[in-house]
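Asks: In case you want the letters, here they are:
Number of protein chains: 2
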Amino acid sequence: MELNPWGSSTIKDYDKLTREFGIQKMPNLGISNRYFRRGIIFGHRDFDKFWNADKRSVLTGIMPSGPMHLGHKMVVDQCVFYQSLGIKTRVLIADIEARVTRGISKEQAQKLALEEYLPNWIALGLDPKKADIYAQTNRSVPYYSFYSLLSGRITLNEMSAVYGNLTPGKITSALVQMGDILHPQLPEYDGPEHVLVPVGADQDPHIRLARGFAEKEHLIKPSATYHRFATGLEGGKMSSSRENSYIALNDPADVAVKKASNALTGGRNTAAEQKKKGGDISKCVVYELYAYHFAKSDKELAEIRRKCTTGEMLCGECKQMLAERVGEFMSSLAKKRERAKKEVGKMEIFR
Amino acid sequence: MELNPWGSSTIKDYDKLTREFGIQKMPNLGISNRYFRRGIIFGHRDFDKFWNADKRSVLTGIMPSGPMHLGHKMVVDQCVFYQSLGIKTRVLIADIEARVTRGISKEQAQKLALEEYLPNWIALGLDPKKADIYAQTNRSVPYYSFYSLLSGRITLNEMSAVYGNLTPGKITSALVQMGDILHPQLPEYDGPEHVLVPVGADQDPHIRLARGFAEKEHLIKPSATYHRFATGLEGGKMSSSRENSYIALNDPADVAVKKASNALTGGRNTAAEQKKKGGDISKCVVYELYAYHFAKSDKELAEIRRKCTTGEMLCGECKQMLAERVGEFMSSLAKKRERAKKEVGKMEIFR
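Top line first, the protein sequences correspond to chains A and B.
With numbering that gives the first Met the number 0, the residue at position 49 of the first sequence is 48, and numbering never jumps.
With numbering that gives the first Met the number 0, the residue at position 52 of the second sequence is 51, and numbering never jumps.
These are calculated hints, taken from the structure and not from any lab test.
The beta carbon of each residue, even a glycine, is placed where N, CA and C say it ideally should be.
Treat the hints with caution; some may be incorrect.
[As the list claims (entries may be wrong)] Below, simulated DMTMM-like cross-link-like pairs (lysine to aspartate or glutamate); rule was C-alpha separation at most 25 Å, straight line:
#: 1; chain 1: A; residue 1: Lys110; chain 2: A; residue 2: Asp126
#: 2; chain 1: B; residue 1: Lys105; chain 2: A; residue 2: Glu157
#: 3; chain 1: B; residue 1: Lys306; chain 2: B; residue 2: Glu316
#: 4; chain 1: A; residue 1: Lys345; chain 2: B; residue 2: Glu187
#: 5; chain 1: B; residue 1: Lys215; chain 2: A; residue 2: Glu157
#: 6; chain 1: A; residue 1: Lys105; chain 2: B; residue 2: Glu187
#: 7; chain 1: B; residue 1: Lys105; chain 2: A; residue 2: Glu187
#: 8; chain 1: B; residue 1: Lys105; chain 2: A; residue 2: Glu106
#: 9; chain 1: A; residue 1: Lys110; chain 2: B; residue 2: Glu106
#: 10; chain 1: B; residue 1: Lys54; chain 2: B; residue 2: Glu19
#: 11; chain 1: A; residue 1: Lys220; chain 2: A; residue 2: Asp14
#: 12; chain 1: A; residue 1: Lys215; chain 2: B; residue 2: Glu302
[Unchecked claim] Which chain A residues stay away from chain B? Per the calculated CB distances, all over 10 Å, these:
#: 13; residue: Ser150
#: 14; residue: Ile153
#: 15; residue: Pro251
#: 16; residue: Lys276
#: 17; residue: Lys318
Please model the entire structure based on the sequences and the hints provided.
Replies: Dropping the structure here:
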C-alpha cells in the first residue's frame, strides 16, 4: 500500500476503497483546481465520460440538519469550480430526507436552508442565478412520479445491502435520492445529460445504487468523484454533535480562530524532539486544513510540509499562521453571507 | 349469528368482520339507493360523520389491471349515486400501484384506463365534468410531497401487520394510497373536507392505516363503507384469471348472456325436489346478480326470492329472465361506452 500523503483522516486506506469497490483512482487530467491537483479527490467512477460529455451537470444535496461547517465547504468549492467552467450546477435541499430519516420538520429544514446553508453557498461563490436550486418537497411532477415508480425495480434485500436496517422513511429517502441523481436525464427535464455527483467516500453505496437503477432504466450511469474526509479538529471523525470538532461557517471569527488554534497537530513531546525528528504530518489536522482550504498555493503547501517534517517550523508558528488565515476567511465570509441573505430572500425555493 | 340474507359470497360471516375489526353495522338511514336499502353495504366507519359533513367528497381508485367487470360496477354505482346528490367525486387511476406491485407499465395502464375503465365509468353514469379524475403519476406537487413525508411516520412492522410481506414497491404503493385518501384534506387542495371511501370488506386494512395516519397528522379520519363481495359466476371468488368467473363490461352481449345462463344456482337435483323444497338461495349467484344489479325494484327482488324458495319458479325460468336483462344491459352499455370514448379522448389525465 502506497503511503498516504495527506495526514489525518478517519479512513486512512483510500487505496483499499478503490480496490474493493471498483472506484477508479483519479488520473492526472491536468485539471487546474486544488481538489484535483492535491489529490483531495482521490477516486472516481466514469469521471472521464462526464468530463468529455457535451451535455452535463453537477448535482449535490444540502442536508438541512446541524450547522454548515468547513467539511461541507469541500463540495461547495467543487461546485463553484464546475460552475466557473460553465457546467450546469444543481443543488437540492434534502428536506424530505431530513424529515423522514431525522424527524426535522419541513419548516425547520426550510429555515436552516434559507438562513444558513444557501447564504454560505453563495458567499463561497455559487452563482444562484445560474444554478438549479430546488427542495425535494417542491420539485415538479415527473420527478416524483419517476422515483415512486423506481420502487418497483428493487427488492428489500438489495436495499438493505446498501442501507442496513430499513424503515419506510429510509426506503423513501433512498428512492427520492435516486430521483435526485437520475431525473435530470428525463426528457421532461430536457435530458438526457451526463450527471456528476461529487461525494465523500462514504457515499459510494448511493452512487452504486443510482448506477444500478440507471442501467435498469436505460439511462446514463451517473459519474462520481470521491474526496477525502474532513478530519475532526480534535482528530477522529468530525461530528455535528461535538462543536469543537468542526469550524462552523457561522462561527464568529474569534471562535473559529480559537478552534483552529486548538486543533490537533503532529507535534512531538518537546520542542527539542520536534526540531530533531520533525512533526508527524500524518496526524496533523492543521496540515489538512492548509491542504484543503488555506494554503495559498501548492508551492506554499509543499513548503509548509517541508518545514514541518524537517523540524524547521514548530507547531506554534504554523498554527499562528493558520489562525490568521482562518480569521480573515471567516470575517470575509460573514460579510459576503450578509449580502447573500438578501439574495436568498428573493428566491422561491419552497412554497 | 344472524342468517345471511344474501346467498352466496366468499366471506359469509360479515357479522364476524364487524365484531372483530370494529366496523360498525350500517344503520337504516333511509338512504334511497339499492346498495343501502338491500344491505349490500353492510358496514361502515364514521359514515354518519361524512353524511352530516358540510364539505365532503367520495374517493375511489381504478386499478388498471385486467378487465373491468360487474364486480367493479358496484363502486361505480355508488359514486354515481353520490354524484347525483351533488357530492364531489374523486376517481384516481392507480398507475403507480399497477406498475410497482404488478409490473404493469405506465403505458399499459394508461391504455386500459382510457380505452376500457373510464368509458365504462361514464357509460354507467359518472359525469366526468363534475368529477376529479386523476392519475397517480400525474397529480400535483403537494400530493407527492405529502405521501413521501408520511414514510417517516410509520415503522416496517406496522406496515407488514397490514400488508404482510413487504417490498419497496408495496411500501411505496401503500404510501401513495394514503396520499390518495388523505390529500383532499390538505389546504393546497382546498381542504379540509370529509372523505368517504366506499370499499369491499377486504380493503379495510388500508382504511385503518389511513385513519391512523389521519390521527398522527391531525387530519379528519376518513370514513368508509363496506359492501359485500361479488361472487364468481361459478361460485367461489371472482377472479380476473378465470374469465368464466365474471361478466366483463366489454364482453359482447351474447357472451355475457351465455355466462349469466351458466351461472351457479341453488337449484336442487330434480325439478320435483325443487318444487317441494324450493331453491337454496344462499348458494345462488343468479339471485346475487338480481340483488346487486338486475332486479328492477326491491319488491320484484322479494318476489323472485319468494317464488324461488317456495318452489314456484324453477331455475330455468329465473335464469331466462336474468339472461334477457343482462343482454339488454350489455347492449345499452356498449352504445353508451362508444359515445363515452369520444369524451374520454378529450380528457387530459396523463401527460
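Asks: Look at each hint and say if it fits the structure.
Replies: Structure-based check of each hint:
no.: 1; hint: A:Lys110 / A:Asp126; verdict: holds, 20 Å
no.: 2; hint: B:Lys105 / A:Glu157; verdict: holds, 24 Å
no.: 3; hint: B:Lys306 / B:Glu316; verdict: holds, 11 Å
no.: 4; hint: A:Lys345 / B:Glu187; verdict: holds, 22 Å
no.: 5; hint: B:Lys215 / A:Glu157; verdict: violated, 30 Å
no.: 6; hint: A:Lys105 / B:Glu187; verdict: holds, 16 Å
no.: 7; hint: B:Lys105 / A:Glu187; verdict: holds, 15 Å
no.: 8; hint: B:Lys105 / A:Glu106; verdict: violated, 34 Å
no.: 9; hint: A:Lys110 / B:Glu106; verdict: violated, 40 Å
no.: 10; hint: B:Lys54 / B:Glu19; verdict: violated, 31 Å
no.: 11; hint: A:Lys220 / A:Asp14; verdict: holds, 23 Å
no.: 12; hint: A:Lys215 / B:Glu302; verdict: violated, 61 Å
no.: 13; hint: Ser150; verdict: violated, 4 Å
no.: 14; hint: Ile153; verdict: violated, 5 Å
no.: 15; hint: Pro251; verdict: holds, 34 Å
no.: 16; hint: Lys276; verdict: holds, 53 Å
no.: 17; hint: Lys318; verdict: holds, 43 Å
When each numbered hint is compared with the structure, violations occur for hints 5, 8, 9, 10, 12, 13, 14.
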